[in-house]
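Mind the numbering: the sequence shown is residues 1 to 258 in the numbering used here, read in order.
Just so you know, the hints here were simulated from the structure itself, not pulled from any lab data.
This one's a predicted model, so the numbers in the text were calculated from it and none came from an experiment.
Where hints are given, some of them may not hold.
Said to hold, decoys possible - Have a look at the derived ranges for each label pair, beta carbon to beta carbon: (1) 105 / 164: 29 to 39 angstroms; (2) 231 / 105: 23 to 33 angstroms; (3) 232 / 149: 53 to 63 angstroms; (4) 1 / 94: 43 to 53 angstroms; (5) 138 / 174: 36 to 46 angstroms; (6) 134 / 98: 46 to 56 angstroms; (7) 184 / 45: 37 to 47 angstroms.
Ideal Cβ placement from N, Cα and C applies to all residues, glycine included.
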Amino acid sequence: MPKIGDHAVVLGAGMAGLLAARVLADAYGRVTVVERDPLPETDEIRRGVPQGRHAHLLVTRGTQILDELFPGLLDGLAAQGAPVVRDLAEFRFSPGGHLLCLEGRSAQPFSCQASRPYLEGHVRARVRALPTVAIVDRCEVVGLVTNAARDRVTGVRVVHRAAGGAEDTIDADLVLDATGRGDRTPAWLATIGYDPPPEEQLTIHLKYATRHLRLRAGALGDEKMVAIGAEPGRPTGFVLLAVGLVIAAAALHAASRA
């Protein structure tokens, strides 16, 4: 792919930021990922990903995309203990009170049940290994830099927490915000004269919780995932899935207050 710019900056080193950096590395000479939190060296839950403790899995299209961006990633995850559902008989699914009969092997793995910290840790290692990508942690973005006409973003202002709070400017041809729910871009754009984007909110009254369990070997038989959906008169659901060798299973519960 021909390069369309010299330098791109990605704000946030979660899954969205890491995947954005991987794609931008094909189109820009250099990519810098800026992350506020200290990034762990191992596959640990971190403050910036509060949902990281909950049950996660990659369905078919997600596994395909990640394996295209990082060849061999799925095999590496599986080799180190992440359960991969390749046969539909390994999946028990009961939506609306009706047990589906699933059988056969799909052309692609149906799901990869790596925990969020485990998956993110492996993707982060792959991104760090890219020769044109740099990940800078303990670095907080505090504002945007623009040209004199304020009609183009030309970089970001950052504070390096690891360097005693020193402030710096990082120039960029493109700034991509992947900071998630702590996103401050609308406020930064307002300070340079842009109206905030319109918002729509839909309250769904949904809550969920996850608990990690250690199960004895063979407790699930040949199944790697059990999903019991809500049904009339019982607005709750339950998912039990194997997520690795150390944490054998996770349970997910959802309840509606409507």
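Range agreement (Cβ of residue 149 with Cβ of residue 232, hint 53 to 63 angstroms): holds (59 angstroms)
Lying within 36 to 46 angstroms: is that true of the beta-carbon distance residue 138 to residue 174? violated (23 angstroms)
Would you say the C-beta atoms of residue 105 and residue 164 sit inside 29 to 39 angstroms of each other? With a Cβ separation near 56 angstroms, residue 105 and residue 164 fall outside 29 to 39 angstroms, so the hint is violated.
Does the beta carbon distance between residue 184 and residue 45 stay inside 37 to 47 angstroms, or does it fall outside? violated (24 angstroms)
For the pair residue 231 and residue 105, does the Cβ-Cβ distance stay inside 23 to 33 angstroms? Once the Cβ atoms are compared, 29 angstroms apart, the range 23 to 33 angstroms for residue 105 and residue 231 holds.
Cβ separation of residue 1 and residue 94, checked against the hinted range 43 to 53 angstroms: Given range 43 to 53 angstroms: holds, Cβ gap about 45 angstroms.
So does residue 134 sit 46 to 56 angstroms from residue 98, Cβ to Cβ? holds (51 angstroms)
Violated hints for the displayed structure, listed by number in ascending order: 1, 5, 7.
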